[in-house]
Amino acid sequence: MITALWIMVALAALLGMILGYASIRFRVEGNPLAEKIDAVLPQTQCGQCGYPGCKPYADAIAKGEADINLCPPGGEEGIHKLAELLGVEFKPFGENAQPKPKAVAFIDEQTCIGCTLCIQACPVDAIAGAAKQMHTIIASECTGCELCVPPCPVDCISMLPIEEQLTNWKWRYPVYALRQTS
Amino acid sequence: MLSSPFITRPLSVDRIMLRVLYALVPGIALYVWYFGPAILVSIALAVTAALATEALMLKLRDRPLRPFLSDYSALLTGCLIALSIPPLAPWWLPVIGSAFAIAVAKHLYGGLGSNPFNPAMIGYAVLIISFPHEMTHWLSPQGVGQSVLSLGQQLHYIFTSALPAGMQLDALTMSTPLDTLKTQLHLGMTVSDIRDLPIYGRLAGKGSEMVAAGFALGGLYLLVARIIPWQLPLAFLGTLFALSGVFNLIDPTHYAPPLFHWFSGAAMIGAFFILTDPITSPTTARGRIIFGIGAGLLTFLIRTYGGFPDGVAFATILMNMCVPLIDTWTQPRIFGKKKEDKR
Amino acid sequence: MIRLHRFHGGIHPPTHKAESTRTPIMSAPLPAQLTIPFRQHAGEAAKPVVQVGERVLKGQLIGEPVGAISSSIHAPTSGTITAIDLQQIAHPSALPDLCATLVPDGLDEWGVRQTLSYRQLSSDELQKHLRRSGIVGLGGAVFPSDMKLRHPIVVDTLVINGAECEPYITCDDMLMRERAEAIVRGIEILRHALGTDAVLIGIEDNKPQAISAMQRAVDDSSHPFKVIAVPTVYPGGSAKHLIKVLTGVEVPSGKLPTDVGVQCYNVATAYAVHRAVEHGETLVSRVVTVTGNVEQPRNYEALIGTPFSDLVALSIPKADTNRYIMGGPMMGVELPAVNVPLVKASNCVIAASDALFPPPPAAMPCIRCTRCAQVCPVELQPQDLYWFAQSHNFGKAQEYDLFDCIECGACAYVCPSSIPLVQYYRYAKSEIRARDHEKRAADLARERHEFRQFRIEREKQEKAERLAQKERAAAAAKAAAEAAAAIPTPLEPNADAEDTQQMRIDAALARAKEQAATAHPRNTEALTPEQRAEIEAIEVRRAHIHSLAADAGADDEPPKNSQGN
Amino acid sequence: MTDYLLILIGTVFVNNIVMVKILGLCPFMGVSKKLETSLSMGAATTFVLTIASGSSYLVNHYLLGPDLAYLTTLSFIVVIAATVQFTEMVVKKTSPVLYQVLGIYLPLITTNCAVLGIPLLNVQAKHNFIESLLFGFGGAVGFTLVMVLFAGMRERLEGADVPVIFRGTAIAMVTAGLMSLAFMGFSGLVK
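Protein chains in written order, with the working numbering: chain A, 1 to 182; chain B, 1 to 343; chain C, 1 to 565; chain D, 1 to 191.
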């Protein structure tokens with residue numbers, strides 16, 4: 001009995017030493033996961049997830065503090081990608097976080113008073129203009145985050161859904177005739 | 001709106017399957033000639049079960065019946081199962097085989113085009129593992145067995161498992177030439193002695209060698225009509241020939257000659273009708289050669305050393321498992337890419 | 001004799017070319033109205049340079065190129081621009097695009113035609129001239145021809161594509177039969193600009209008349225061009241495949257022919273180059289085949305912008321015609337409406353009926369028979385691409401070289417399951433492109449967001465620094481004010497002298513501080529102990545808040561706070 | 001020499017630990033969604049199994065002997081756990097991506113019953129050191145082989161029109177069953 005005990009202790013000590021050495025020898029720093037999550041997020045910086053931007057949300061997911069279904073602009077596909085990346089199950093959007101069609105902000109230039117509030121709100125500097133001068137959205141850089149809409153004192157900003165044009169038209173999925181029962 | 005191209009060449013899945021069925025005809029005809037019409041009953045049973053299962057599964061999966069029932073693929077599966085089991089088997093044997101093949105090996109995977117395993121061979125494997133006893137009662141070719149059953153008696157046996165008074169099943173049936181070879185070799189006989197037994201003909205089993213030749217004939221038609229790729233049968237039969245040839249040269253008393261391997265068991269029907277199922281075989285030329293070689297090697301190993309009388313079915317499904325990998329790793333070079341550019 | 005090479009696969013569909021080659025090219029009459037899209041070439045759409053109501057002359061510039069890959073658009077005849085707006089065009093999406101509407105005045109009056117003598121021309125000048133003249137590849141890809149001359153390219157072989165492999169189309173065939181001499185002159189201009197010696201003219205051997213016409217023209221011109229009959233196989237007219245057949249060289253995947261020292265032009269493009277250089281005619285018309293389910297299939301020379309309905313009416317469609325296809329039956333697009341305009345890319349319009357092009361039967365599942373792989377000219381595995389595309393597995397599809405697919409349709413032509421394979425590939429391709437676009441947009445947004453945060457951080461720091469400076473200045477000013485307490489004229493002259501906002505602000509701050517300093521004692525006079533205790537407590541809280549605010553990079557200016565109560 | 005070869009062939013094909021012995025099903029089902037992942041998992045398991053069967057032989061033969069046979073299982077678990085820990089650290093250092101991809105299944109190699117099963121079978125079969133190593137290695141190669149084949153099939157099945165209720169794990173189980181059926185073809189090949 002005593003021998004057995006000694007053997008187990010000796011075994012544990014030996015293996016413990018090996019593992020201790022290995023943990024020093026193969027130490028890893030940093031967490032590359034947050035960066036990978038950030039790469040999947042759509043970078044609208046809209047804050048709909050409850051975090052002030054995509055990177056903080058990515059950090060929160062990486063730490064396991066946030067769920068993966070909080071990003072409406074990423075769409076269901078975004079959740080699928082996150083689920084695959086993190087090896088967790090897909091989770092549908094909640095009631096109050098449904099994705100909307102993609103849109104860009106538009107400033108009604110007649111009404112704009114040039115207060116610069118929207119410029120300060122824009123997370124990606126996609127609004128051009130200066131104080132007392134009319135502001136304009138740089139449509140190609142607008143992420144559609146809607147953060148500029150509430151601060152506007154004269155409600156001159158509206159979100160225009162992106163319409164299908166020749167430049168962004170996509171071929172449709174072929175209709176698979178056999179799916180319908182004849 | 002329709003997308004280009006707006007013209008097509010008229011060839012369809014059902015025509016391809018139909019030609020494969022035509023190609024089976026000489027083999028089946030010779031089968032009837034040498035072993036009596038019981039096989040036709042067996043085929044009818046298997047085909048009916050296959051079509052019924054197909055219809056049921058389509059109904060359950062909410063898919064249209066007509067295009068899939070008329071594509072002849074279930075018909076072909078039924079035929080292949082009937083041809084690979086003993087003709088004088090109780091009626092439920094082909095029925096279970098077909099039903100399992102169509103329901104599990106085909107429709108659980110999404111039906112035509114999605115099944116990774118050859119349904120007929122899965123059906124066969126399930127039968128030989130579940131009902132080994134029933135699967136060994138092969139009919140003797142006419143003139144070899146001690147007594148002969150009439151068609152009515154055969155039908156009676158198939159459906160009721162009752163033989164006419166005074167007849168023994170063992171007197172009517174025998175094990176296959178391959179099985180006999182294996183058993184007798186174990187008992188210490190040499191290959192040449194065994195082949196002098198009355199059940200053997202010139203090349204392999206009496207009668208069955210001619211049936212195999214019939215299938216080979218049909219297979220040649222498929223090759224000429226370019227319904228099946230040449231790589232598969234060539235690689236399979238070539239490997240089988242080479243391996244058995246080498247072993248036969250080294251030790252002719254214990255290893256059967258190559259032509260014996262070719263013309264016994266399911267080698268011919270396997271080479272031209274089973275391995276060449278496009279859905280479960282590789283799509284690249286090199287992949288097909290690898291697949292054929294693998295199947296030939298496994299068939300020889302299982303026949304010579306394994307526990308089952310014939311290895312074609314297991315070799316087929318074992319190689320079926322490898323198909324996705326073979327396809328992935330034998331992607332051909334594309335236009336304008338050098339070999340090393342590839343992934 | 002030159003040794004020809006082979007490429008993998010290909011198909012031999014019935015050609016149906018004889019119907020439309022019986023009669024010579026006919027000049028189409030001037031239509032009542034022309035619709036000229038501003039996007040008729042690969043790359044950026046042209047920018048309109050004419051006003052609505054303006055009278056334009058034939059060949060006058062109405063759209064100028066924007067950016068590197070772009071081309072010019074010209075008025076096809078003289079007349080008045082009546083509208084510049086969105087019009088339906090020949091595109092599978094049936095979406096409208098920006099077009100100019102031109103009502104001809106019937107005079108067909110040419111504007112200035114600048115002819116050049118190409119021998120004195122540098123490649124650069126020729127390039128500019130082609131861009132001005134709106135010359136684009138007329139084989140179907142409509143790639144701006146000037147780009148193909150752009151430096152630095154080293155070309156040792158010029159391949160002229162007269163293969164015209166698609167069924168039904170005969171416009172190049174007829175052009176070669178009738179205008180071989182002009183084509184040869186155009187080829188000579190291109191050869192000169194590229195500075196090459198070897199010129200190979202590849203024509204499929206099902207066009208013997210075109211071959212002999214071209215051979216005669218080459219012989220007459222005494223240029224050392226080689227007219228070569230290539231085997232008829234679809235898609236032998238694909239530039240990369242014709243180059244392979246003629247030279248044995250494979251253009252690497254994702255590269256241009258010039259990367260292997262070959263340049264390729266269509267015969268119709270060579271003809272257009274000749275017209276542009278030696279006659280000064282901008283690209284305002286082209287030869288187009290009208291065929292299929294019509295009484296009189298033939299080729300027309302028609303103005304760009306002519307409604308297809310006019311052309312089709314000339315050939316008299318048969319009663320059961322129910323749709324029209326622009327281009328050939330293998331790669332063409334179904335027209336959303338028959339009155340859409342002819343563009344530079346339109347080589348053919350086919351009247352279709354269900355009898356002529358029966359609608360495909362319902363698609364069956366793929367049985368992996370690999371008939372598609374056997375005919376694929378790019379040696380792809382179409383059955384795998386289909387498998388990935390139909391299950392939206394775009395990453396895998398790309399890995400299997402989806403983007404090398406030329407959408408020739410050979411796979412769908414032979415498919416026994418009648419699967420619309422090409423449509424699956426187009427679907428997958430456009431999804432992948434859209435995703436790439438989104439990815440780039442996201443990266444840009446990330447970059448801009450990060451920059452913004454960096455900027456805000458920097459501004460905060462700068463502000464903090466300024467604040468510190470101000471405080472120092474205020475302290476100095478206060479000291480000065482205290483020193484000159486008797487004379488109440490503190491900083492005004494200084495401020496005027498300096499004339500900087502900073503100083504004025506500092507002065508204001510100093511004043512505020514002064515006021516606070518003087519006001520403070522008055523407020524705290526005659527207070528009960530309770531009040532004092534309360535004020536102290538408030539002061540403590542305030543100090544705490546201040547320190548917090550300072551930590552957070554206090555934006556508010558401290559003097560204002562000290563005014564409190 | 002032939003004996004060793006037979007052990008190898010026997011463990012890889014005839015007595016495949018997953019298909020015939022039905023051991024190690026957890027990672028077999030869990031990490032076989034992607035080809036690359038399953039290959040890496042196979043490699044990691046091969047490493048662990050080979051080391052574990054070697055070291056457990058040493059522990060059993062030199063440390064425990066016949067007197068302390070009741071400690072076999074216990075000490076094997078300790079040895080295996082340590083080996084897995086070690087492997088995990090190495091993988092984390094050398095290939096963070098692989099570490100991420102293998103996820104929970106990497107430490108779970110500890111509880112992969114095949115990893116404990118093979119050393120125990122070694123003891124049962126009274127294999128010598130080389131045989132133990134080969135048995136462990138062969139078993140792991142067999143494990144890797146079927147994992148990779150299975151992953152290839154699952155990747156292809158992703159595009160298949162599988163009935164909704166059978167999608168995912170259900171059809172994977174059916175496939176595993178049919179693979180097992182196929183492996184019965186090897187029976188009798190090597191004793």
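These are computed hints drawn from the structure, not numbers from a lab. Don't take each hint at face value.
To be verified - Listed next, the stretches of chain C that the computed footprint assigns to chain A, with coverage defined by at least 3 CB atoms under 8 Å from CB atoms of chain A: (1) 92-102; (2) 274-285.
As the list claims (entries may be wrong) - Lysine-lysine pairs mimicking PhoX-like chemistry, simulated, CA-CA at most 25 Å apart: (3) A:K91 with A:K102; (4) C:K128 with C:K47; (5) A:K55 with D:K34; (6) C:K47 with A:K81; (7) C:K396 with B:K338.
Yeah, the Cβ is synthetic: ideal placement off N, Cα and C, and Gly gets one too.
Okay, the hints, checked on the actual structure:
1. Check on the segment 92-102 of chain C: 4 of its residues sit with their Cβ under 8 Å from a Cβ of chain A, so the three-residue criterion for coverage holds.
2. Here's how the segment 274-285 of chain C fares: 0 of its residues keep a CB closer than 8 Å to some CB of chain A, so the rule of at least three is not met and the hint is violated.
3. Our distance criterion of 25 Å between C-alpha atoms is met by A:K91 and A:K102, whose separation comes to about 21 Å.
4. At roughly 17 Å between alpha-carbon atoms, C:K128 and C:K47 fall within 25 Å of each other, so this suggested pair holds.
5. Taking the CA atoms of A:K55 and D:K34, the gap is near 28 Å; set against the 25 Å cutoff, the hint is violated.
6. As the CA atoms of C:K47 and A:K81 are separated by approximately 40 Å, the hinted pair breaks the 25 Å bound.
7. Between C:K396 and B:K338, the direct Cα distance comes to roughly 20 Å. Compliance with the 25 Å bound is thereby established for this hinted pair.
Hint compliance for this structure: hints 2, 5 and 6 are broken, all remaining hints hold.
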